[in-house]
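A.B. asks: Spelled out from the first residue to the last, the chains are:
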Amino acid sequence: MMDRKSVNKEVFQVSRWIYQDFIGNLSDKNREALEAWRKAHPDNERTYQALHDRLRLSKNLSQLKASDIERPLADMYRRIRAEEQRQRFRLFWQWMSAAAMVAICIGSFYLVREWKRGTVGIPETPTVAVGEGRVVLRLGDGSLVGLDTLTGSVRQGCVEASKTDKRRLSYAIGNQEKGKEDVLVYNEVIVPKSGSFSLVLADGTSVWVNAESRLRYPVAFAGGERKVYLEGEAYFAVAKDTLHPFVVETGKMDVAVLGTQFNVSTYRVDGCCETTLVEGSVEVRDRLTDKRVMLSPNEQARLRDGNFVVREVDARLYTSWISGKFYFEREPLEEIAAQMERWYDVSFFFMREDLKQEEFTGVILRDYTLEEMLGVIAKTTDMEFTVNGKAVTLR
Amino acid sequence: MDARILEEFKQGRLELLYRHVYPGLLLYAVRHAGETHGFLAEDCVQDAIFRAWERREHFDTMQSLKSFFYVSIRNSIISLDRKQKAKERYVSQLEDEVVFSNSVIDNETQVLLHRAIEALPEKEREVFELCCVEGMKNAEAAERLGVSESTVKKTKAKALDFLRERLDPALFLFFFAH
Numbered sequence: 001m002m003d004r005k006s007v008n009k010e011v012f013q014v015s016r017w018i019y020q021d022f023i024g025n026l027s028d029k030n031r032e033a034l035e036a037w038r039k040a041h042p043d044n045e046r047t048y049q050a051l052h053d054r055l056r057l058s059k060n061l062s063q064l065k066a067s068d069i070e071r072p073l074a075d076m077y078r079r080i081r082a083e084e085q086r087q088r089f090r091l092f093w094q095w096m097s098a099a100a101m102v103a104i105c106i107g108s109f110y111l112v113r114e115w116k117r118g119t120v121g122i123p124e125t126p127t128v129a130v131g132e133g134r135v136v137l138r139l140g141d142g143s144l145v146g147l148d149t150l151t152g153s154v155r156q157g158c159v160e161a162s163k164t165d166k167r168r169l170s171y172a173i174g175n176q177e178k179g180k181e182d183v184l185v186y187n188e189v190i191v192p193k194s195g196s197f198s199l200v201l202a203d204g205t206s207v208w209v210n211a212e213s214r215l216r217y218p219v220a221f222a223g224g225e226r227k228v229y230l231e232g233e234a235y236f237a238v239a240k241d242t243l244h245p246f247v248v249e250t251g252k253m254d255v256a257v258l259g260t261q262f263n264v265s266t267y268r269v270d271g272c273c274e275t276t277l278v279e280g281s282v283e284v285r286d287r288l289t290d291k292r293v294m295l296s297p298n299e300q301a302r303l304r305d306g307n308f309v310v311r312e313v314d315a316r317l318y319t320s321w322i323s324g325k326f327y328f329e330r331e332p333l334e335e336i337a338a339q340m341e342r343w344y345d346v347s348f349f350f351m352r353e354d355l356k357q358e359e360f361t362g363v364i365l366r367d368y369t370l371e372e373m374l375g376v377i378a379k380t381t382d383m384e385f386t387v388n389g390k391a392v393t394l395r
Numbered sequence: 001m002d003a004r005i006l007e008e009f010k011q012g013r014l015e016l017l018y019r020h021v022y023p024g025l026l027l028y029a030v031r032h033a034g035e036t037h038g039f040l041a042e043d044c045v046q047d048a049i050f051r052a053w054e055r056r057e058h059f060d061t062m063q064s065l066k067s068f069f070y071v072s073i074r075n076s077i078i079s080l081d082r083k084q085k086a087k088e089r090y091v092s093q094l095e096d097e098v099v100f101s102n103s104v105i106d107n108e109t110q111v112l113l114h115r116a117i118e119a120l121p122e123k124e125r126e127v128f129e130l131c132c133v134e135g136m137k138n139a140e141a142a143e144r145l146g147v148s149e150s151t152v153k154k155t156k157a158k159a160l161d162f163l164r165e166r167l168d169p170a171l172f173l174f175f176f177a178h
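Chains as they are written, first to last, in the working numbering: chain A, 1 to 395; chain B, 1 to 178.
You may find that some hints are simply not true.
[As the list claims (entries may be wrong)] Have a look at the derived ranges for each label pair, beta carbon to beta carbon: (1) B:145 to A:36: 35 to 41 Å; (2) B:39 to A:105: 51 to 57 Å; (3) B:1 to A:78: 23 to 29 Å; (4) A:36 to B:164: 19 to 25 Å; (5) A:75 to B:31: 17 to 23 Å; (6) A:89 to B:56: 17 to 23 Å; (7) B:57 to A:81: 15 to 21 Å; (8) B:57 to A:347: 51 to 57 Å; (9) A:43 to B:1: 26 to 32 Å; (10) B:145 to A:81: 43 to 49 Å; (11) B:31 to A:105: 53 to 59 Å; (12) A:81 to B:147: 49 to 55 Å; (13) B:137 to A:62: 19 to 25 Å.
The set of hints was computed from the structure by calculation and includes no laboratory data.
For every residue, glycine included, the Cβ atom is placed at its ideal position computed from N, Cα and C.
Same shape as in the complex, but just chain B (with noise of 0.2 Å):
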């Protein structure tokens, strides 16, 4: 899936980048831009995706065009809040490195997460979400769904299955590769 969403964006289109790397790339801007400049937040993240677009033919893997992304958004940030003179507390934390690399750990796995969910079939998908986002007990989640609690526990399975069988096979072997 990302070797495509990174060859259509080479190409121009769009779409794909749009549906599965934007929500994430601008739910990290408006927590990072903080209150003052959360309207801008939206703004960050069009200017890293058309600079990104401007250099498409210097990205070979998905992780590089992210990396732009976001190191673009923060340097955006940053400069936003130098402009207004402002102390936000997370702006001047992003300034350090591994403050921003840990930033970045949080927002890619929320955006794993999301992605799985959104894979899952809708039935699987209610589970997982009470189960392990929310992080309800089996019964909690069998009186939330009005199902019994086995039949919680067979779906929560089946989910947790369905992607563990779904994991990315090209970031299998880059960690293999590392």
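Here chain A stands alone, though its shape is the one from the complex (with noise of 0.2 Å):
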């Protein structure tokens, strides 16, 4: 009949009958409705006398009329604004936690699509596609042509430059006025990430321009030196001339040929500047310091911090790219994923600081996948991996 949560209704109304009866108001019917309750339990009737016990009851009333409800009253209004007040600070940071969660899952959801999209290999979401980024030229005049869409020849004053295979561009010098051109027209060659191309200059050198890199140079040669400007890494297979010595210069260092092939790269992940000669001879030189060192074949010149450091390497490792190959000795993790960041155009992730100096040797072909050239080194070192996307993360 009742529950411990509130009081049976019945209370109110049999205090309303006692009350009726005191003031001499109770009707008949809920009289005898009283009267039956009195009678229901001894308890009630023992209630209903207490109630009829006047020293009691007037004790009590003049109780009531006592109690002063001024401080107890301005107590509550002070702790209700103090839980309204925790209340509202609750409901801010609930609200900034429900628009974190919102956050996350959104960020979540498309985490877990390119998960998908990267390892699964959903069929409309190939794999990171081997490298086939846009390579741009640019003219004298600053315009810009894409060498990739771009189908027969540019023509710039007496010289003409013409694509003479998917990725080759030739310059020939027309006839006329031969050497004669006294300003020079500069070119540029920008090869963006996952891209390579390759030019057969004026003079007849041959450049193979790796990913991420731009070469400058004049469309015709003019002077005493035969000068390009690198950032990035190029293989340079120059054409005789020992009148006209070539010259590559790079942010920190120049290097000076008369004929040979070598390779310079400017992108090592330690910020080294590094060129390795495979035939002939070159002089390289600190641009700060005007250090100079002479390259025999099979060496490799790093600058760094204003030294040289000469040592004896296999150029197929520094040239093999030039052949559609990654060639590594004993090459860290760190580096060959500078390479494949360039190559494939992700972004690698070390989870493991270590994993970054662990050494790979072997060599890969650049059209592999990525995940066929990753599944290659961790073959043989201790690395797992996952793609995510563009997001390559090794531990």
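Hints in hand, dock the two standalone chains.
C.D. replies: Laid out in structure tokens, this is it:
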């Protein structure tokens, strides 16, 4: 009949009846009900009698009259204000965490989607493609030509540059006015990540420009030196011309040659500039201090902090990229990752710091997919990889 | 009046509640907390009101609110007693449902009487208190007040008429509905 959560409604009725009895306003029907209640339980009758204890009643009523309500009321208002403030604060944080949850949900939705694309290889989302970035040629007047889509040739003055291959541009100087141009017109080949391109310059020198690199060169050489400017990595097979030395300028290092084949790279992770000689001879020069070093075939000069380090290397390791191979010999994963990042246009994340120094040796074809490539490396190293879109995680 | 107290309480205005309901709750808590916990009676009441305020949307009638107050105070007193392991007579009795119901009936009746007295004009109130509450005979009251017995008789009749007319119509409806 009575649960612990509330007081029975009968209670309020009975107290009303007793009160009505006090003021002589109890109906006959209700009087009967009150009588029945008094008989229902001995405690009911006791309660009824206690209410008619005049002394007790007047004592209690005077207590009711005397109770101070101002202080407890003020206390309660303070307590409620404090609670309201706490609730506002909590609401704020609930809102914030709700917003964060939404962000996380959306984020993981895309992550999962990306992850699925990256590893499962849903048909419409192919695995990371082998270097096919857009290669751009900047002409002397600043206009840009897309070399991937170029068909035919570009003419600048008496020089004609023509696509001789899908990834090759050749310069040829016309018959007249040969060597008479005083003002050099420069072109620049800009190779993005995932790209590579080769050129035959006006003097017959072949240049392979690696991914994420740019080479600036005159469309026709003039004067004493044949000078080109390089950022990134390129392989040069310089046409012999003892009267006109060929000079490659990079940010820190110049390479002067007569006729030879060599590789110049400025994009090592550790900040070194590197020249590797395959054939002939080159002089490497620190632009800042004018220090010079002569290299013999299969020697490599590294410029770091104003000092040259020359060591003997297998030149194939550093020039393999032009023949479409990655050639690694005891190469730390960190350096390999840097090359992959350029070739596949991805980003590597090392979950273990020591993994960066893990070494790998081997030859891998550059037209492997990223997963195939990583699979080969993972076979011989203590490394596991996951590919999420353009993010490669190594652990 | 009850409807207004409830409405204002739900809006966070507590003046009416404290004037008309709080004294009864305090009386109840003081009487049932017993000697050992008497000083905690006020805390019990304040906690009950605060808890009710926290869930103020749930109360549709003044009865449901009062019911919550009484149950809440009773639970506080019982747990106080259990904590202190004292065997106060009233407290242990409060755990009995009949005793609890009757304790509320007792208290509510007195609250109604108190409210009636408060509502009466001064003269009528004096007579009502002496005759109806303290149980004096008309002659005794007349002597105490220094008026004639017939004046007491008339004033008493006036007071009772006043109270009968002022019965809460909402409560009448409630009675007939059940």
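A.B. asks: Is 17 to 23 Å a correct range for the gap between the Cβ atoms of residue 89 of chain A and residue 56 of chain B?
C.D. replies: Roughly 20 Å apart at Cβ, these two residues keep to the hinted range, so it holds.
A.B. asks: Kindly confirm whether 35 to 41 Å is satisfied by the beta carbon distance between residue 145 of chain B and residue 36 of chain A.
C.D. replies: 38 Å, holds
A.B. asks: A range of 17 to 23 Å was offered for this pair. Does it hold for the Cβ distance of residue 75 of chain A and residue 31 of chain B?
C.D. replies: 22 Å, holds
A.B. asks: If you check the beta carbons of residue 39 of chain B and residue 105 of chain A, does the distance land in 51 to 57 Å?
C.D. replies: 53 Å Cβ-Cβ, so the 51 to 57 Å window holds.
A.B. asks: Could you check the hint for me, namely that residue 145 of chain B and residue 81 of chain A are 43 to 49 Å apart, CB to CB?
C.D. replies: 47 Å, holds
A.B. asks: Holds or violated: 19 to 25 Å for the Cβ distance of residue 137 of chain B and residue 62 of chain A?
C.D. replies: 21 Å Cβ-Cβ, so the 19 to 25 Å window holds.
A.B. asks: Can you tell me whether the CB distance of residue 31 of chain B to residue 105 of chain A sits inside 53 to 59 Å?
C.D. replies: Holds, since residue 31 of chain B and residue 105 of chain A (Cβ atoms, about 56 Å apart) stay within the stated range.
A.B. asks: For the hint 26 to 32 Å, verify it against the beta carbon of residue 43 of chain A and that of residue 1 of chain B.
C.D. replies: Cβ of residue 43 of chain A to Cβ of residue 1 of chain B: about 30 Å, so the range 26 to 32 Å holds.
A.B. asks: Tell me if the beta carbons of residue 81 of chain A and residue 147 of chain B are separated by a distance inside 49 to 55 Å.
C.D. replies: 50 Å, holds
A.B. asks: Does the beta carbon distance between residue 36 of chain A and residue 164 of chain B stay inside 19 to 25 Å, or does it fall outside?
C.D. replies: Roughly 23 Å apart at Cβ, these two residues keep to the hinted range, so it holds.
A.B. asks: Do the beta carbons of residue 1 of chain B and residue 78 of chain A sit within 23 to 29 Å of each other?
C.D. replies: 27 Å, holds
A.B. asks: Starting from the range 15 to 21 Å, see whether the pair residue 57 of chain B and residue 81 of chain A falls in it by beta-carbon distance.
C.D. replies: 19 Å, holds
Violated hints are absent here; each numbered hint is respected by the structure.
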